[in-house]
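Asker: With chain A's structure known, arrange chain B on it following the hints.
Chains A and B are the protein sequences, given in the same order.
With full-length UniProt numbering, letter number 145 in the first sequence gets 145, and the count goes up by one each step, no holes.
With full-length UniProt numbering, letter number 51 in the second sequence gets 51, and the count goes up by one each step, no holes.
Simulated from the structure, these hints should not be mistaken for laboratory data.
Glycine included, C-beta positions come from ideal geometry on N, C-alpha and C.
Certain hints may be false.
Claimed, not checked - Subject to a maximum C-alpha distance of 27 Å in a straight line, what follows is the list of computed BS3-like cross-link-like pairs (lysine-lysine):
1) Lys171(B) / Lys241(B)
2) Lys171(B) / Lys43(B)
3) Lys42(A) / Lys91(A)
4) Lys3(B) / Lys2(A)
5) Lys3(A) / Lys3(B)
6) Lys2(B) / Lys2(A)
7) Lys91(B) / Lys171(B)
8) Lys3(A) / Lys43(A)
9) Lys2(B) / Lys3(A)
10) Lys171(A) / Lys91(A)
11) Lys241(A) / Lys43(A)
12) Lys3(B) / Lys42(B)
As the list claims (entries may be wrong) - Facing chain A, from chain B, some residues (calculated, C-beta under 8 Å):
13) Phe4
14) Pro58
15) Thr189
16) Ile192
17) Gly260
18) Leu268
19) Ala299
What the hints assert, rightly or not - In silico negatives: residues of chain B with every beta carbon more than 12 Å from chain A:
20) Asn30
21) Arg39
22) Lys42
23) Lys43
24) Asp123
25) Tyr168
26) Ser179
27) Gly248
28) Gly257
29) Ala273
There are 2 protein chains.
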Amino acid sequence: MKKFLNSSDDLVADSVAGLVMAHEELLALNESPLFVCRRTPKKKRVALISGGGSGHEPLHTGYVGPGMLDAACPGEVFTAPTPDQIVAAAKRVDAGQGVLMIVKNYAGDCASFQVATDMLDVDCATVLVNDDVAVDSSTRTPGRRGVAGTLVVEKMLGAAAEAGADLYECKALGARVNSNTASMGVALTSCIVPEAAAPTFEIGPSEIEVGVGIHGEPGRYRRSLLPADDIVTLLLEPILKDLALATGREVLLHVNGFGGTPLIELHLLNKVATQRLREHGLVIRRWLVGNHTSSLEMAGASLTLTALDDELLGLWDAPVLTPSLRW
Amino acid sequence: MKKFLNSSDDLVADSVAGLVMAHEELLALNESPLFVCRRTPKKKRVALISGGGSGHEPLHTGYVGPGMLDAACPGEVFTAPTPDQIVAAAKRVDAGQGVLMIVKNYAGDCASFQVATDMLDVDCATVLVNDDVAVDSSTRTPGRRGVAGTLVVEKMLGAAAEAGADLYECKALGARVNSNTASMGVALTSCIVPEAAAPTFEIGPSEIEVGVGIHGEPGRYRRSLLPADDIVTLLLEPILKDLALATGREVLLHVNGFGGTPLIELHLLNKVATQRLREHGLVIRRWLVGNHTSSLEMAGASLTLTALDDELLGLWDAPVLTPSLRW
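Bound conformation, chain A alone (with noise of 0.2 Å):
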């Protein structure tokens, strides 16, 4: 295993240290319980909470600021944040308006952020992302896992706050962009955690893994390497059947590194996908390229798709200033 690192114990908080460094005007650390929030003073609204196990950099902690999340609660890697962080991280952001958690679907992050929500003395409600259609229910879940279209929820439902809407607006729009949005990745290596220094699954120098979860969890199956044109059918066919959209409806799509896929492979796959899905009939308003919820240094990449209208399109479009979206 070669990372750059000192000790497994101390990269999360380091690693998250080292951000809020890099971004003193925008973020806040809060050492102990760990969360990262943001700088300037809460405003009237409701407060938007995410978080999850680490090591799928820049999500979550890279999208905190005006316009997306007011705190984010990391766990170990690939370890669900504890229920103390995100009680500390309520408490700091609740502005009276209600506090919302955006929660990926996986049976620990569930778990804490439930417990978290009984020991809270403000008004919760849970947004439930589960965008990967790759499997039904995994190692680390029933249901589906919730994947790269989480940015999409946070990104979304952070315009609503931001906008005013009240904390059952913001939980049923976040419910509507989840019911939206699909997701499928493909792994050509595996991710190694530090604690465990070695690979978390063995695949061979020319298989793939198609469906693969952002935590190395088997996919639908394995195959031989392929071109990405055949790549890209693999993970939009079953996307597009999910989402079963009308010719002619809008899209975002959103093509996601898993870490150790560089940009230039990343921006093929747009071009791909993005032809694949014009000829599909739809039409596509809006991309998303690059690295944003990554599986530590996993080689791999997957396709998101998020039905559009007026209303998320302009949530979409609405000012963000976060370390790694802004416009």
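Answerer: Positioned in the frame of chain A, the structure of chain B alone reads:
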């Protein structure tokens, strides 16, 4: 070799097309000869062009847009762009105030930009970037190599050109930014050029290459893998020796990933480097952490320091709107 790829012959053109598709509001594509330029009409000011071999994305195509480059000419992977690309791009973006070419110091790039300058009937000037303090000359060039500091030169010159600096002011400024900038990198793994389909260099499972070039050129020496703390020391020492900054000097710190190293590790490096520079008596005013000057899928990173004054800080802070840098 596992990559997302259709054919190595089409990779660059397809990837650049994918980039432009994702940023149709900002960028325009010229397919043949290949270059990317801003979509908006040119204004009466100095036009900035850069370019170089592909495989370093987002450099340079990801930095085209208001406040930074007017055009970028991507060569084949790790291969200089041809003069006809540069000539065509210069003609497209020249607004009657001259064209400034920002060139990384590699023999091939220098030759192509020189031939293009000779062919062009517009005022041209060149800024040569050679920020890599690792080696005095290498397999690809006499003299120091141009690496991640190129982004700093492009950003500051973009702001100056936008503010109306003339061609010779821009050239002088570029030389000043370059001389105030020093970088050094380290590789944990090799990159793989798609056409070669094999690693550029062999490196053992617990070795690192200190001072590596962004094409996998040899650095200063091999070492066994060290803790991140020690690696940061190995990179900062030559940088600080080169710049010889007085205590209290203000600097920009850029932690750059080479493509295969995830953000969680880059932020760890940032924390360590930030602490080390503070102990050294420097005042870090700005940070940039991410994969900006990559080397395909190489795992590794570089540190870049630019000594600031009020003018350079203002140019760094000026608004920028490109695919991969925006504020």
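Asker: If a hint holds in the structure, say so; if it does not, say that too.
Answerer: To see whether the hints hold, each was checked on the structure:
1. Lys171(B) / Lys241(B): 26 Å, holds
2. Lys171(B) / Lys43(B): 19 Å, holds
3. Lys42(A) / Lys91(A): Holds - the C-alpha atoms of Lys91(A) and Lys42(A) are around 11 Å apart, at most 27 Å.
4. Lys3(B) / Lys2(A): 20 Å, holds
5. Lys3(A) / Lys3(B): This hinted pair holds, its Cα atoms lying about 21 Å apart.
6. Lys2(B) / Lys2(A): 19 Å, holds
7. Lys91(B) / Lys171(B): 19 Å, holds
8. Lys3(A) / Lys43(A): 40 Å, violated
9. Lys2(B) / Lys3(A): Holds - the C-alpha atoms of Lys3(A) and Lys2(B) are around 20 Å apart, at most 27 Å.
10. Lys171(A) / Lys91(A): Answer holds: Lys171(A) to Lys91(A) is near 19 Å, not above 27 Å.
11. Lys241(A) / Lys43(A): Violated - the C-alpha atoms of Lys43(A) and Lys241(A) are around 41 Å apart, more than 27 Å.
12. Lys3(B) / Lys42(B): 37 Å, violated
13. Phe4: 4 Å, holds
14. Pro58: Where the cut-off is 8 Å and the nearest Cβ of chain A is about 6 Å from Pro58(B), the hint holds.
15. Thr189: At 7 Å from the nearest chain A Cβ, Thr189(B) passes the 8 Å test, so the hint holds.
16. Ile192: 10 Å, violated
17. Gly260: Gly260(B) check passes; min Cβ-Cβ to chain A is 5 Å, inside 8 Å.
18. Leu268: 5 Å, holds
19. Ala299: For Ala299(B), the interface hint holds, since the closest Cβ of chain A sits about 7 Å away, which is under 8 Å.
20. Asn30: Asn30(B) clear of chain A: closest Cβ-Cβ about 16 Å, beyond 12 Å.
21. Arg39: 15 Å, holds
22. Lys42: 23 Å, holds
23. Lys43: Given a closest Cβ separation of 22 Å, the condition holds.
24. Asp123: It holds; Asp123(B) is separated from chain A by about 33 Å at its closest Cβ, greater than 12 Å.
25. Tyr168: Its Cβ never comes within 12 Å of chain A, the nearest being 34 Å, so this holds.
26. Ser179: The claim holds: Ser179(B) sits with its nearest Cβ about 25 Å from chain A, beyond 12 Å.
27. Gly248: 19 Å, holds
28. Gly257: Non-interface label on Gly257(B) violated, nearest chain A Cβ at 9 Å vs cutoff 12 Å.
29. Ala273: Given a closest Cβ separation of 9 Å, the condition is violated.
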